[in-house]
Every structure is written in structure tokens, then in C-alpha cells.
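Chemist: Residue numbers (the numbering used here), protein chains in the order written: chain H, 1 to 238; chain Y, 1 to 178.
A hint or two may mislead.
[What the hints assert, rightly or not] Each pair of labels, with its calculated beta carbon distance range:
(1) Y/A29 / H/L218: 29 to 39 Å
(2) H/P180 / Y/G102: 49 to 59 Å
(3) H/H114 / Y/E136: 50 to 60 Å
(4) Y/A29 / H/I209: 31 to 41 Å
(5) Y/H171 / H/A19: 12 to 22 Å
(6) Y/T33 / H/G56: 22 to 32 Å
(7) Y/R148 / H/H114: 18 to 28 Å
(8) Y/A67 / H/I209: 36 to 46 Å
(9) H/L218 / Y/A67: 35 to 45 Å
(10) Y/E160 / H/S59: 45 to 55 Å
[Stated by the list, open to error] Which stretches of chain H does chain Y cover? Using the computed rule of at least three CB atoms under 8 Å from a CB of chain Y, they are:
(11) 60 to 74
(12) 109 to 115
(13) 129 to 139
(14) 204 to 210
The hints are simulated quantities; they were obtained by calculation from the structure and are not laboratory data. Backbone N, C-alpha and C fix where the C-beta goes; we use that ideal spot for every residue, glycine too.
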Amino acid sequence: MAASRLYAPVAPGIYPANATAAYRSSDKRAPREALIVIPETVSEVSGPRCGRESLGGASQDLTRPSGRGAEALGQRIIVHGRVLDERGRPERGALVEIWQANAAGRYLHDGDRHDAPLDANFTGRGAVVTDDDGRYRFLTIEPGIYPWGNHYNAWRPRHIHFSLFGQAWATRLVTQMYFPGDPTLPLDPIFMGVPDEAARARLVSRFDIERSEPDYALAFEFDIVLRGAAGTPWEGQS
Amino acid sequence: MSALTPSQTVGPYFRIGLEWPAAWRLGEACDLTLRGRVLDGDGVPVTDALLEIWQADADGNYFTNGAHGAHGFRGFGRCAVDAAGAYRFQTIKPGAVAAPDGGRQAPHINLLVMARGLLQHLYTRVYFPDDAALHEADSVLGCVPAARRHTLIARPAAQEFTFDIHLQGEHETVFFAL
């Protein structure tokens, strides 16, 4: 079969290799065998469509977990942007799920043993569905930098985790958004695991004074680009 | 053209944002149990992995536009492993979907593995032992060296199928580049 693919392979250097020696957790977990290239079939070019029904209890305002009442501690920030595909087409009605540490650099998770305070008014969970232009917006708290056990004196840069689906199984993306000027970025093996410098820079949000709200919150812009089909994706019904 | 956003690991704390408590069950009246464990290169259970599955219904239809089939079946499931590295999906046996050559692929469930330690998620497929005749002609299995194909075939157990995911080691599961 010489048929051209709807989804071109991801160019080298953009996605980090799973076997990244500086990232210790990969040592026993990254597969040693090469990934096997398979023909593109309906299984890869179809995909789940998760919309509002998948939001659960999560909202786009993380600063007040109950939607009202007491507010989380920390610097309020607006995180906004567009979800697009490689051809610049907006991903409409796309589920965007995020999670993050609180302002002190602590996650609301049993596994997080960092000796920093929890915040009773911050869960760190958010979700939203993009609008017709592929836009999303969260109101949250700037997450703290926190230590981790990867190596001596290791610190994770401020980051927010993002999960996205796109149009197909092949476009699924889980990533992390970072903040401009974070001094720990060049020391972080997860961020530095992306080989291509220009690709790495796309993980760093842009400080956005225009969208910052006076006397209230700073804004950061983070556009997310998913793999895009060369043509019209196959109909899922076979 | 827009430039792709790189992948990053899901990390150890994904349950905060990605746990959907009921999503291991793909619908009412699902009579197939798929269960197994995620294991690292030392055979140690991976206790912070998240699995997602995507599959056709019994007639070989993917519900790609958000529609659903009988009993609310949409074909998408999500399950975080437990403290023993174990997962379970309650689903149905997928029908055979179209192959690029116009024929049919052997029935399979598309499976995605995310975990701390994986900077990009891993794609694999679960095939079923009772379809051995169809496996011979399957265009995806045909790409896999014969000696490793067994890593993609679930093992039958009472009323269920077992599919362990070996991230490394002698029985390393076959993972795909899509």
C-alpha cells in the first residue's frame, strides 16, 4: 500500500524520547525496543469525542473550588489560548483537562510528600471545553516550584499539566505548560527532554499584559497545537 | 501551518485532573472483562499509570463523532491502575473494523499507556486468542516480528481476558509509532 497518511509522522526532535537518561523514572519504564511503525487504519484516525458530559465536577475557575466562598491562596492568573491542529484549524468543542500544584508547590495527592502546606481552598483540578474558535480560558493560581527526587537539589519548574484529545486516537496529547523566565527550566530533565530548542520554547507560555485584568489577575497565553489530518478524516463508521 | 506542541509526561499526580471514577466501564450490559497489570523492566508493578482504550462496538463501528451505540456505549474508557499496578475494563468484544486494503482487521482494542517516566504515551493494541485465524492476515500484526506477537494477544481466563503490559524486559509489549 502506497496510500499517503492522513497524519504525518511527528518530525524528529519535537516529542521527547522516552529513554531519557537524565530523567530517572524512565530507566525501568521506557521501552527498549523501537516503536513499530504500523499502517494507518480506521482505528488510529478515528477517536473519542469527549465534550461537556466529560467535565465531571471540574470547572474553569480553580480559585474557588466550590464555585463560591473562600478563595485559594496565591497569585491569581488567567491561562488562556487556542487549541489548533497543525494546519491552523481550531479544535472546537475539545475537552481540555488540567491539574497542578498549589501556590506553595504542593499537590493535593497522597503521593506528594513535599513538606509544603496544602490549601483547603485549592484542588488543582480544572476542565473546560473549547469554543468555536478553539479558545479556552482558566482562572487559577500560579503553581509553585517544588523539589523532587530525580537528582540532588532537583526542582520542577512551575508548570500546569494539560490533557487534550483532538480528532483522532493518533492526536492524543498530554503535555505541560511552563512560565516565562523560570530559572529552573534549563535544569529540568522533563522540559529539556524535548530535543529541539524551538519545540521546547512552545511549552513556555507568554506573559500577556493585554489580557491581564487590572487590580485582579495576570494573564498567560498558551496555544496548543495537535497533529492535524492532511484531508478529511475517515468517517468512523466502517 | 502551526508547529506541534511537544508531549510531556503525565507525571505521578494525574489522578487530580484525569481520574474519571466510572470510566473503566464502557456502558451497560458489557460482558467482557479485560484486566491486567502494568510492569516495569524489573517486573515491579507500576502503580502510577493511566490507561485509555478506544474500540469499536460489536458490529465494528467506531463512534468517533460523540455519538453512542446501544446501552450508551461510546467505545472510550479510562482507568488508573491501583496500588498493585492492576487495571480493569468492563467492555464488549469489538467487531472487526475495516482494513486499509478493503478487507477486515482482526478484532482489537486500541490501548494507550501513560505513566510517570514516560515522556510520551505508548500506543498498543489488545487482540484476542480466539481470532487466531484472522491474526495471520492482519496488516498491523504483520508488521510485528513473529517472536513478539504474543505480547499483543490477551490470555483467556474464566469469563475474562488478561493483558499485562510489560514496559521493558523479556516480554516487552509491542508499542507502535502512529
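Chemist: So, for every hint listed, does it hold in this structure?
Modeler: A quick look at each hint next to the structure:
Between Y/A29 and H/L218 the Cβ separation comes to about 50 Å, which falls outside the hinted range of 29 to 39 Å. Between H/P180 and Y/G102 the beta carbon distance is about 51 Å. The supplied range of 49 to 59 Å therefore holds. Look at H/H114 against Y/E136: about 53 Å separates their beta carbons, and that is inside 50 to 60 Å. A beta carbon spacing of about 55 Å between Y/A29 and H/I209 contradicts the range 31 to 41 Å that was offered as a hint.
For the hinted restraint 12 to 22 Å between Y/H171 and H/A19, the CB-CB distance of approximately 18 Å keeps it satisfied. Checked against the hint of 22 to 32 Å, the pair Y/T33 and H/G56 passes, with Cβ atoms roughly 24 Å apart. In this structure, Y/R148 and H/H114 break the distance hint of 18 to 28 Å, their C-beta atoms being roughly 40 Å apart. A hinted range of 36 to 46 Å for the beta carbons of Y/A67 and H/I209 is consistent with their spacing of about 43 Å.
Separation of H/L218 from Y/A67 is about 41 Å and conforms to the stated range, judged on CB atoms against 35 to 45 Å. A C-beta distance of roughly 37 Å is found between Y/E160 and H/S59, which places it outside the suggested range of 45 to 55 Å. Counting residues of the segment 60 to 74 of chain H whose beta carbon lies closer than 8 Å to any beta carbon of chain Y gives 0, which falls short of the minimum of three for the stated coverage. Requiring three or more residues with a Cβ within less than 8 Å of a Cβ of chain Y, the coverage given for the segment 109 to 115 of chain H holds, as 3 such residues are present.
Residues of the segment 129 to 139 of chain H lying with their CB closer than 8 Å to a CB of chain Y number 0, which falls below the three-residue condition for coverage. Using a Cβ-Cβ cut-off of 8 Å, 0 residues of the segment 204 to 210 of chain H lie near chain Y, which falls short of the minimum of three, so the contact claim is violated.
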